[in-house]
Amino acid sequence: MGGLIHSPTAVINRVAGDRSSVVGYHRFLKNESVNYELIMESHYAYLSQKVSGTDLICVQDTTEYNYQHHSGLFKGGELGTISNGTSLGLRVHPMLVMDAADGFAYGLSSLQILNRKGQTQDKHERKYNTLPIEEKESHRWLLAIEESKKRLSKAASLTFVSDRESDIYQLWSRIPDERTHLVIRSSFLRKFTDQESQTEITPSSALILLGQTKIKLSARAETRTKSREALLEVSVQQVWTLKPATLKQQKNNHDPDRIALTMVAVKELIPPDSEITDPVVWFLLTDLSVNSLEEALKVVDTYKKRWHIEQMFRLSKQKGFNLEESQLERACSLQNLIALVLIAAIRIYQMVSSRDNQDRQGADIFDQDELEVLETLKPGLEGRTERSKNKNKPYTLAYYLWMIARLGNWKPEDRDPPGPITFRRGWETLEKYRRVAVLYSPPG
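Sequential numbering of the sequence shown, starting at 1, is according to this note's numbering.
Any given hint could be a false lead.
Stated by the list, open to error - Using 35 Å as the maximum straight-line C-alpha spacing, the simulated DSBU-like pairs for lysine-lysine come out as follows:
| # | residue 1 | residue 2 |
| --- | --- | --- |
| 1 | Lys30 | Lys317 |
| 2 | Lys136 | Lys214 |
| 3 | Lys75 | Lys154 |
| 4 | Lys378 | Lys136 |
| 5 | Lys251 | Lys150 |
| 6 | Lys317 | Lys243 |
| 7 | Lys432 | Lys214 |
| 8 | Lys378 | Lys50 |
| 9 | Lys411 | Lys378 |
| 10 | Lys304 | Lys149 |
| 11 | Lys216 | Lys267 |
| 12 | Lys150 | Lys432 |
| 13 | Lys317 | Lys248 |
| 14 | Lys117 | Lys150 |
| 15 | Lys411 | Lys391 |
| 16 | Lys267 | Lys304 |
| 17 | Lys216 | Lys391 |
| 18 | Lys154 | Lys304 |
| 19 | Lys317 | Lys251 |
| 20 | Lys432 | Lys305 |
| 21 | Lys393 | Lys305 |
As the list claims (entries may be wrong) - So the derived label-pair ranges between C-beta atoms look like this:
| # | residue 1 | residue 2 | range |
| --- | --- | --- | --- |
| 22 | Asn31 | Gln250 | 40 to 50 Å |
| 23 | Arg387 | Gln195 | 49 to 59 Å |
| 24 | Tyr395 | Ile270 | 23 to 33 Å |
| 25 | Gln195 | Thr429 | 21 to 31 Å |
| 26 | Ser205 | Gly53 | 34 to 44 Å |
| 27 | Glu310 | Glu428 | 48 to 58 Å |
| 28 | Thr130 | Tyr46 | 24 to 34 Å |
| 29 | Ser205 | Thr385 | 50 to 60 Å |
| 30 | Gln68 | Glu310 | 16 to 26 Å |
| 31 | Gly383 | Glu229 | 27 to 37 Å |
| 32 | Gly53 | Asp356 | 52 to 62 Å |
| 33 | Tyr395 | Gln250 | 20 to 30 Å |
These are calculated hints, taken from the structure and not from any lab test. Glycine included, every Cβ here is placed at the ideal spot set by N, Cα and C.
Work the whole structure out from these sequences, hints included.
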């Protein structure tokens, strides 16, 4: 199945070279002895060894793959619906593990693929609010951390990052310890009070102002917002988060009635003549101590890492591997394919996050035969002008990734740095050259 990993597409007919290969791929993906958890095991084992003694940032989020346009391929009941309640598809929840120092993406420490088949009752009918967390779909946020803590036991420290949907009381009451921390954007679904005065904290409350800072915000195609430099006002408050009434009513619930947290508020200051309609307003919760602007900005920077998992999702869909274009007929086959594609997507994400890394070596990403092919191609990738030369430190990731970007049609004169789609194209081209090199290499 190596071709499926090395060919940046999820459409089997494009991966396989002939009819017999197509049949082989389909047999593997629908084999009852194969499941996505089994596929991920070797990845988890590799990851566990790579992160020993390292401070890590672990980002989790949920995405959906919509297969309604291929609904005629599936047998009845094979797939459940996604969040819109009508389209057939799968919900996928990975945990992306990055180096806290340089942002290098090591891999995934957890992967959950949720299929809502057979689910006919809505939340009201199931009395969702009264269910223990273990019986809710939102348990995925807690489970992903619990699994990751075990698989990353050799790491020096873990900081888990996620958005408002994960702001669940049980995460705060059960997860943090001396080596495990949380940075989560608040949803204000619970009551918060100031630790000293006991007054309620709301989104409009005035917190302790620490200062201002400027950050670069990336463009977002889904909201049609352009990249910009934002001036932010940063405040902080020590707060209690209070146990929700629904938890108090549950039998055998032993979560504490209140938890001490730090709230870091980030609000964008908008000029009077600005056209910005969606200013940054973040209320970030953490168990970490924050006593200065520098410490608050570290929390903000940690939360900003959440954007990288969105890049990985983007890469797995239309702008990359086209997972939603797969025409597999079984849910189990789709789940296996998703696991394989996400492992491949990690490698491209490694390229994106390390394109300027002059400290890590090429072997952190590439195999020896790939490095040899890149060295052979290097003269043809450089131009005559000084600007078109590869000026990166030899044999570093930046040195080799410059070549991958050139193979992906990036030009050194381009204003924007190479992104995931460029690296996907470059990797695909490298694989073609590598196959030719293997084919025509002398025996022995």
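Which constraints among the numbered hints does this structure fail? Numbers only, ascending. Those not satisfied are hints 2, 3, 4, 6, 7, 12, 13, 19, 24, 25, 27, 28, 32 and 33.
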